[in-house]
Every structure is written in structure tokens, then in C-alpha cells.
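> Protein chains in written order, with our numbering: chain A, 3 to 656; chain B, 279 to 740.
Keep in mind the hints are simulated off the structure, nothing from the lab.
Please note that the accuracy of each hint is not assured.
Computed cross-link-like contacts, BS3-like style, restricted to lysine-lysine with a CA-CA straight-line distance of at most 25 Å [what the hints assert, rightly or not]:
hint : chain 1 : residue 1 : chain 2 : residue 2
1    : A       : LYS354    : A       : LYS382
2    : A       : LYS332    : B       : LYS473
3    : B       : LYS585    : A       : LYS354
4    : A       : LYS332    : B       : LYS585
5    : B       : LYS331    : A       : LYS332
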Amino acid sequence: MEPRRPPRTVSDPKVRQVGFVTPAAAPPARTVSDTAAMPAAGASQELPLSGSSLSPVMIPPPRHDGLSARVTAPVPVPIAATALRLDNLQIRVGSYNQSEVLLGTPPMTSPSSRVEDAVSEFSDDVSASSLYGRTEPDKVGTAFPGRSGDLMPAKSVVAGGSIGGSHTPENPPTTSLVVKTLPGITEKKRGMLEKQHDEAAAPKPLKEKTTKAERRALQEAQRAAKSAAKEGGGADPTNTKKDKVVKPTPQKKDVPEVAASSGKKVDRPLEKERKKEVLPLRMQFDDKHKVEKVKQRAIVNQREAKSRVEFFQRLPQYVHGTQLQELEAKFFQLDAVHPSVYKVGLHHLSGKITGGNARCIAMLLAFKEAIKDYSTPPEKALVRDLNAKISGFVSFLIECRPLSISMGNAIKFLKNRIAKLPLSMSELDAKASIQSDIDRFINQKIIIADKVIVRHAFAKIRDGDVLLTYGLSSVVEMILVYAHEHKKKFRIVIVDSRPKHEGQILLRRLVAKGLNCTYTHINAISYIMHEVTRVFLGAASVLSNGTVYSRVGTACVAMVAKAYRVPVLICCEAYKFHERVQLDSICFNELGDPDAILKVPTHVESYLYGCMDNDNLQLLNLNYDATPSDYVSMIITDYGMVSCNQLLIYCSVF
Amino acid sequence: MTRMDFEVVVLAGGASSNLSPLVSQELPKALLPVANRPVLSYVLELLEGSNLKDLIVVVEGEDAAQLVGGWISGAYADRLHVEVAAVPEGVGTAGALRSISSYLTANDVLIVSGDLVTDVPPGAIAATHRRHGAVVTTLLCSSPVSGPSDSGTSGGKEKAKKPVRHNIIGLDPTRQYLLHMATGAEVEKDIRLQKRILQAVGQMEIRADLMDAHLYAFKRTVLQDILDQKDKFQSIRQDILPYLIRTQLSSEVSGNGLVSSESGSNKSAVQDELRWLSQHREIAPSTFQDSQPLSLKSQRDDQRSHKCCVYIANESKYCARLNSIQAFSDINRDVIGEASHLSGYSFSAQNNIIHPSAELGSKTTVGPQCMLAEGSKLGDKCSVKRSVIGRHCRIGSNVKIVNSVVMNHVTIDDGCSIQGSVICSNVQLQERVVLKDCQVICHFFSVLYNLPTSWYGRKKCL
Numbered sequence: 003m004e005p006r007r008p009p010r011t012v013s014d015p016k017v018r019q020v021g022f023v024t025p026a027a028a029p030p031a032r033t034v035s036d037t038a039a040m041p042a043a044g045a046s047q048e049l050p051l052s053g054s055s056l057s058p059v060m061i062p063p064p065r066h067d068g069l070s071a072r073v074t075a076p077v078p079v080p081i082a083a084t085a086l087r088l089d090n091l092q093i094r095v096g097s098y099n100q101s102e103v104l105l106g107t108p109p110m111t112s113p114s115s116r117v118e119d120a121v122s123e124f125s126d127d128v129s130a131s132s133l134y135g136r137t138e139p140d141k142v143g144t145a146f147p148g149r150s151g152d153l154m155p156a157k158s159v160v161a162g163g164s165i166g167g168s169h170t171p172e173n174p175p176t177t178s179l180v181v182k183t184l185p186g187i188t189e190k191k192r193g194m195l196e197k198q199h200d201e202a203a204a205p206k207p208l209k210e211k212t213t214k215a216e217r218r219a220l221q222e223a224q225r226a227a228k229s230a231a232k233e234g235g236g237a238d239p240t241n242t243k244k245d246k247v248v249k250p251t252p253q254k255k256d257v258p259e260v261a262a263s264s265g266k267k268v269d270r271p272l273e274k275e276r277k278k279e280v281l282p283l284r285m286q287f288d289d290k291h292k293v294e295k296v297k298q299r300a301i302v303n304q305r306e307a308k309s310r311v312e313f314f315q316r317l318p319q320y321v322h323g324t325q326l327q328e329l330e331a332k333f334f335q336l337d338a339v340h341p342s343v344y345k346v347g348l349h350h351l352s353g354k355i356t357g358g359n360a361r362c363i364a365m366l367l368a369f370k371e372a373i374k375d376y377s378t379p380p381e382k383a384l385v386r387d388l389n390a391k392i393s394g395f396v397s398f399l400i401e402c403r404p405l406s407i408s409m410g411n412a413i414k415f416l417k418n419r420i421a422k423l424p425l426s427m428s429e430l431d432a433k434a435s436i437q438s439d440i441d442r443f444i445n446q447k448i449i450i451a452d453k454v455i456v457r458h459a460f461a462k463i464r465d466g467d468v469l470l471t472y473g474l475s476s477v478v479e480m481i482l483v484y485a486h487e488h489k490k491k492f493r494i495v496i497v498d499s500r501p502k503h504e505g506q507i508l509l510r511r512l513v514a515k516g517l518n519c520t521y522t523h524i525n526a527i528s529y530i531m532h533e534v535t536r537v538f539l540g541a542a543s544v545l546s547n548g549t550v551y552s553r554v555g556t557a558c559v560a561m562v563a564k565a566y567r568v569p570v571l572i573c574c575e576a577y578k579f580h581e582r583v584q585l586d587s588i589c590f591n592e593l594g595d596p597d598a599i600l601k602v603p604t605h606v607e608s609y610l611y612g613c614m615d616n617d618n619l620q621l622l623n624l625n626y627d628a629t630p631s632d633y634v635s636m637i638i639t640d641y642g643m644v645s646c647n648q649l650l651i652y653c654s655v656f
Numbered sequence: 279m280t281r282m283d284f285e286v287v288v289l290a291g292g293a294s295s296n297l298s299p300l301v302s303q304e305l306p307k308a309l310l311p312v313a314n315r316p317v318l319s320y321v322l323e324l325l326e327g328s329n330l331k332d333l334i335v336v337v338e339g340e341d342a343a344q345l346v347g348g349w350i351s352g353a354y355a356d357r358l359h360v361e362v363a364a365v366p367e368g369v370g371t372a373g374a375l376r377s378i379s380s381y382l383t384a385n386d387v388l389i390v391s392g393d394l395v396t397d398v399p400p401g402a403i404a405a406t407h408r409r410h411g412a413v414v415t416t417l418l419c420s421s422p423v424s425g426p427s428d429s430g431t432s433g434g435k436e437k438a439k440k441p442v443r444h445n446i447i448g449l450d451p452t453r454q455y456l457l458h459m460a461t462g463a464e465v466e467k468d469i470r471l472q473k474r475i476l477q478a479v480g481q482m483e484i485r486a487d488l489m490d491a492h493l494y495a496f497k498r499t500v501l502q503d504i505l506d507q508k509d510k511f512q513s514i515r516q517d518i519l520p521y522l523i524r525t526q527l528s529s530e531v532s533g534n535g536l537v538s539s540e541s542g543s544n545k546s547a548v549q550d551e552l553r554w555l556s557q558h559r560e561i562a563p564s565t566f567q568d569s570q571p572l573s574l575k576s577q578r579d580d581q582r583s584h585k586c587c588v589y590i591a592n593e594s595k596y597c598a599r600l601n602s603i604q605a606f607s608d609i610n611r612d613v614i615g616e617a618s619h620l621s622g623y624s625f626s627a628q629n630n631i632i633h634p635s636a637e638l639g640s641k642t643t644v645g646p647q648c649m650l651a652e653g654s655k656l657g658d659k660c661s662v663k664r665s666v667i668g669r670h671c672r673i674g675s676n677v678k679i680v681n682s683v684v685m686n687h688v689t690i691d692d693g694c695s696i697q698g699s700v701i702c703s704n705v706q707l708q709e710r711v712v713l714k715d716c717q718v719i720c721h722f723f724s725v726l727y728n729l730p731t732s733w734y735g736r737k738k739c740l
């Protein structure tokens, strides 16, 4: 019997969703038994996030055992949202063999025809098989090892809570679901997943290649040399310390905590272990000591802005405009930075490339170029040297502009791929392999993902809808254009905000394509929300507690939509998911140019002209905000449409 | 690999006609001393400061090339890696480039005029070039105030006499793109603007206070193709740059397959990248365009076949070209004056540089912003103000030198008065010569003359 669980109430405190519960607390996991008695929070209890309470960033330890052990009964039963989450999980983990699973579905010859099917099914508004069966299985199988499961439950049917309008505004995330799966769990798959996870958890597989004795000998030699140097000049220890400080963690701009305290001598492997466990804290820019350290290794001396809002002092804030000039002036001094990376950095800085996807693609292409031109220096291993090189590029990009989460994930992926390269591989092969990895990442995680999202979202658009979108999101634009091309009749409300007015770009393009648009500013959101039937929003990231991290103002739009009982659909590619938990937009954000909000378009001079140096004036231009999951009805990803509560599962995969 | 995929070409020129009395066969323009250092050294040191150490220096004329090459190998032997290329005289800047263009391999080429004295970092131009993906990026700086403005003696007169030569430069409202350029000589009463460009931009800012500093970053493939196909092009400034600006909107350059004729290894990569980009662009058009919401601008960017960009130097930066005699004395004055950080010397407390081996007579005063090189001797009761005096000069008593440049091995007898003049090497001035605003080229100058200012720039003596 399919487990039937009581629907989760939306008013659950977010902290509980996060599930700071030890894995021991999870109930034994054979779900063939009746799980009606399962507590509502059972799902979150499953997610063992222990040990990482030190840090806001969490990497959940392997949890496949508990989850994959659940075998679902193949009887279709409508269940509530909580169940959906679990079931999806089970499906994903348990599925291995495509053909086995697709037995129940009509054979599909080509992906395109399948998509056609999907579209037709979408129009029927019932079947979710299209959601899952939209890409070639083999391709997905190779690229997304954890994803093939999603393809399998071809029978799982979304009896669209939000589609049918049965969506009760009090309870937006409740999406009832009919799931029917085959008992397709295979031990093999499970083992594979576990293995992968282990590999991911141990990013230095290289170390294992040398024998223990060799390492020991090397260590001894190093230690001897070190102590000798210490007795001699005493300069060496500082050197080593510096070395450690210089090592930046790839996608977060922090000084690793371990690094700060690594002046003393610790056994190297031990240190490594600790580094792995104690996750780095985010760089705090109000900590003068650390800022000094960061400055030492910074490429450009950035002038920091004077009047900073107290709440946000720990975020980097520089005088806008000086950065670009200084960076440009040092063009030829930056030896280590590949020209293409440099170009991308400048584009990020000057705002020529914006948006999570575009920035990520630009960065990856630049890395690809750099890797193509790369040649391993003598007496160095490609794996290590290249990873160090990429780290250098990344810290340069961070100096240009803080990384987006999408970029962080992409970097993590890339480094992982590089680290996993076999040592025996020739340089040429290794480079080609990484380049094709990058291509595949761009293609599958971004481009195809976008296409899939568009098709999913298309199912949610009906004739006569009034769709509201905020700002400029590439995937939302694609959805709207796609729906228009497929003869849906709908109207669009574009909500925009100062100072970027990104919505105008979207507006211009949509109007040029013949879509019916209304343009308004966010001030008028409560007025315009009356007529809106759906809200489509893009996101910079979706965090594991379902919080949507997006362009500032998104939270406001989502909140008003909730108040007016309009479903809010977030479109976000799965590669942008992050396992971090964030409860508000204060703890992490990016500060924009404070002067940008001063400019009033109709006035030549700002109203505040002349009082800029006043100490009482502080300007705050935030770039992002966090939308709590309560305000989000559904997240449309390339893995299908999920409610916020299910997200944790997806986050754990990527 | 070249640094950041840029190659540097320094066009050092030869015996320029503009500077005809000053330069000669023995002293090519590149070696003209500015504050007792060849002017070329300012460029080379600027490039060296930017970590650009592999340079190609192109000199007009075999003899000049030998002189320049000899000097460079002596002065920069261990610091720079310089190749000196000699081109025939009178081929122009474009011709000079044409003769070396086959040696260029990097993606972009930085072309610096050898007579540039500036502290604008060349990296800034290069980075701007890269950022925009431009075909050409040029450095613009505010045109220098001509004439000895702070001397007060004859500055006013001189300015009035000199024909005012303005550069007309058209920029887009964001001041990033170069839309029109006409330099002094070409400007007549009317300026012709291209309607098409104007339409595309909507608004053009025309500035006359900017000067082309002759520091360009070119995309190599485009430059080479232009050089190949347009045989008649003589000069970068007069032919190539206007051509590129003119064809900004039409697809002439890229349409001819000029751009696409990349070298084999590059080609696949570029296409590869294009494929990815276009694939994404197709489905996500929003992400790849300028975030500028103005419709006009974005449209223009779509149409634009290639971009001509500008980097406008900050006004606090010094930037001047040694292209006339006036400029020569101006630069000499500035380098030991307001732009003293360029000279590379450390100034004394009195804000002047006196070499320890220089000998001063009694009651001789050397004012601020002066420079006295090694081995020079000054007699009694001399007065030197805002002047540069070269090596091994012998200057008698009661000599006044104001706002002047005295080169090496000059002998000045008692009672001379020199104002606003340039005195070349090995000149001997006899007693009580009064010089005002002129150059003296060779050997003897014995007669007591009060040269009128109209002799400016044309005086060759004996």
C-alpha cells in the first residue's frame, strides 16, 4: 500500500523543515509497512544534517541507505504533499533500469516525439508522465546519474493542485499527487549512488593513489625540512601559513577557518580531515583582521565604501566605479589570469553579463578556453595544478563580483571533474575530457534544463490567464515566448523596479514578439495583483529549506500574490539549487552600487545632491532577497514541478 | 604565449618633418631628449611598468633604426626584449605596420606611438578593448594646453598666432564608442557626419577638447586584412581609423569574410564557442544582450558589425605627444614640472634636479623645475628657471636661461639671455646673444641678435 501521510500544514516553522535532527532519530525505513502513523515531519527527520551546525552551509552526509530502503507499493493513491516528497525520493533512488520502468508507458521513439506527447498530455492537465519522460534516457543516464529515477515514474501523475485551480490560497504548497511506481529498486543502483556520494565527499582521491608508506616518508621529510628552516631563519613557518591563507575555497569567498589557525604544526592528514569537516565560514567583512588578510592577496586595492548600513557591514562593499578602472589599469600585471577569464570578469563587473545562467555560461566558456591553452608545468600533476589554476581564476572572478550560486555550483562540478581525472591520463586527453565535461554541463544543466522547464511551465498556462512576472528572468521569458508561439492566449503583467529596470528589456522583447503586456512598477503590485491568475518568477537559487533566493523584490511580489491567493511558480534550473539554509536575506546578500538608487530619471540632479557626505546618510542597495517557502506554491525545475518541501531531496543530489 | 594575448608595436618614426630643425639623421625623433632622456624611453618604461617586455619597435630608415637599436640594446639590454624593425622612410604608420604585420600572431595588437609621453596605463586601453570585444580602441586624452602657459612672456602672442587645430571627435552618450573622428587638418568649416550612424545612435556627443593619443588596440585579424586589402592606406590615423569608424554599421568588414578568416587553430575554437553561445542565445536571448534598457542602444548593438571604442583618459593623467617643436618644449617643461613623476628622477628639496657633478658658480641660482645634467658648468651670477640643461654644457657668467631646453655639449658665453628656446647639441653661443622663442641648430651663433618671435621654429643658423 502506498504510504499515506497527513498533509503538512504550511504554517510549519521553517526551522523544522530544515531538519536539524540526528539521523538516529529517523524511523527505521521499510515503508512497505503502513506508514500512516508516520509523523508529518518524518521526511525532514530523515535528513541527517548533524555535525554541520557550525556553519550556515550544510553538506548532508550520505543518506541513501535510509531512503533507498523504502520500497513503495505500486498502487496509485492520491497523497498529499509530504508524501509526494518522500515518494519522489524513493522513486529516484530506487529506479535503475529504464526499460523496466517504462513498461507501463507507451514506447517513445524519439525525444522530440516524446516532447510532443508531453505537450499534448500537458494540455490535458493531468499526466505527469510527460514531466518525467522528456529527455532521452541514455543521455540523462550518463549526465545525471541520480536523475534517471525521475524518468522512471512515468505513471506518477500530478493531478494538478495548482493546475486545476483547486489550489487553496491558505495552503499553497499543497499539491495533491497520484503516484504509481513499479517496485524498481535495485541494489546495484543503490550501491552506485553511494559510491558516487562517497567520491563526492572525498574530493582528494589523488591522495589515495600513493601508498601510505610513501606519504609517511614524504611527511617526515617535510617535517624535518620545516623544523630545520624554523631553527634557521624562522621564515618558513610564516610561509606555510601564508600558503594556507592564500588557498581560497572555490565558490565561497571565505578564509577557511582552519587556515586561520593553522600556524601550529599539525599532522597533515589530520589537518586535511579537519578541513573537510569544519566547513568554512563565510567571509565577514566587518572583521578587520580578516579583511586585512584578504586585502593582502587581493589583486586590486579596492576602496571600501564609507557609509555602510550597519546591518550589512560584513558584506563586501566597495566604492563603485573605482574597481573597474583599477582592474583595467592592471590588465597586463595579472599574469595568472587567462585573457578569456579576464574578459568575463570585466563583463561581470561592468554589468554587461548579468543573470545567473549567462554569468555561469560565460564563466564556463572562459574556463574552457583557459583549459585549452593550459599546459602542465614540468614536475607538476595536471590534476592539482589545474585545480589550483581554476581556483586562481575563481578568486579573480570573485574580486570582480561575488559569485552567484549557480557559478559556485558549476565551479564545484568542474573541480570535482578535474580532481577525478585519472593520473595516468595524458594531458591532451584530460584536457579534452574536461572540455567536453564543461560543454555537457552547459548543454544539459542549463540549456536542456531550460527547455524542460519551459515545457513544464507551459502546462500551467491556460487560455485567458493573466501572468505576472517580475524583473528579467531568461527562463520566464522563454516560457512566455514559447506559450505565445503555441497559441496560448494570455496576457502578461511585467512588474519592474528601480534602479535596474530590467523588466523593460523583457517588455521590449515581448512586445516585439506580439505579446500583450502590461508594464508596471512594484509599487503598484497590490493594485495589479487583482487581475493576475499566475505569477512566474525566476530565481538565482533555491535553498534547501525552500527559500527562494532571487532578485530583490521577488519576496514582495510573492507575498502579495499569496495574499491575493494567486499561485506563485518559481522557475529555476536544478543546478542552481544549494544546500545552504537561509532564513532571511540579511545573513547573505550582495550589495549593489548604492548610488544607483539615488538617481531619479526625471531629475538631472539627485534630490540628495550635496548631502552625500553626511554621516547620517546610509544607502543600501541590496541585490537579492529571500522568499520564504510559504509564499511559493511550486518550483518548476528540470526535474519536474515540486513543492518547496520536496526540495531538500533535490538539493542533496547536486 | 604573449601576455594576455596582446602584442605591442611601438612606432618610433624616423626623421619627422614636423620636428625638422630638431631631428636629423644623427638624431632620429625617437632619441630626442626629453629631460635628458630619449623620448622613446618614456614609452618603453611605461610598457615595462605594465609588464610588457616583448616589444617590436619600428623605425623609419636604416640608419635611424641602427641608432635606436643601439641605444635600446644599451639601455634596456637586460630589462626588455625588443626587436627593432627598420622600414623605408615615408611609408607612413600604416605602411610601417604593413611591413611587420606578418610577424604578428596574438589576438590583439597594441600600437603605441613612440613619441607619446604619458602615464595612462596601457592595460586600461587593452582591457577596455577586450571588454567590448572591439575592433579598435583608441586612447583619447584631453588636448594639452599649448604654449608656455605659465611663462607669461609671450604665451599669449604665440597662441594667437598658432592656428587652432581642433580634433572633432564624436562619441555616443555613454562615451564608450567612437562614432566620428576628424583631426585638425581635415576639419574645414563643415563637419560631415554619417546619417546612418547618427540614426542608429540617436544622439552623438561631439567633443573638440580631446586628442587622439596614438595609442591603439587593434584586433589583429581585422588590422591585417585592412592592411592587405587597402594598399593605399598610409596612416593609421588618417586612413585606417576613419575607415573603421565609417564602416561601423555596415557589415563591410565582417561581411567580406575579413573577420572570419582566422587562422586554422583559432577557427574551430571560435566556431565552437559561437555554437554554444548561439544555442543559448536562441533560447535565452535576454541573457546575452546589454542590460541597457534603451531600445536604441540595444538595437544598435545588434546591428553593429564591429565596434570602435574609446578609452578616455582621466584628466588627472598626463598625456602628450611630441609631434611639434612647441610640444617638445611643453613636454620638457611638464616632465620636470607638473608631471615630474614621469621623469623618473628624484627631485631635490628645491624641486629641481642638479647632478652632483654639475658645477655652479657663485651667486648662480637654479630655480625650481629645473634640471642640470652631469658635467655641466655654470659660471657666476647665472639664473636658470624652468629649463633643462643637458650634459657637459659650459655656461658662462651672467647667463639667463628661462623656459628653455639646452641639449648636450652646448657652450654659452657670458651675458646671453635665452628665453623659450631650444638649443641643440654642440651649439656655441657667443657673448651676449639674446634668444627668444627659437631653436638653434648648429655651431656658432655669434651675432647679437634679438630674434623676433616670428622666427619661431624656422631659425637655422650659420
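> Hint by hint, note whether the structure agrees.
Against the structure, the hints come out as follows:
no., hint, result
1, LYS354(A) to LYS382(A), "37 Å, violated"
2, LYS332(A) to LYS473(B), "38 Å, violated"
3, LYS585(B) to LYS354(A), "15 Å, holds"
4, LYS332(A) to LYS585(B), "23 Å, holds"
5, LYS331(B) to LYS332(A), "15 Å, holds"
Hints 1 and 2 from the earlier list are contradicted by this structure; the remaining hints agree with it.
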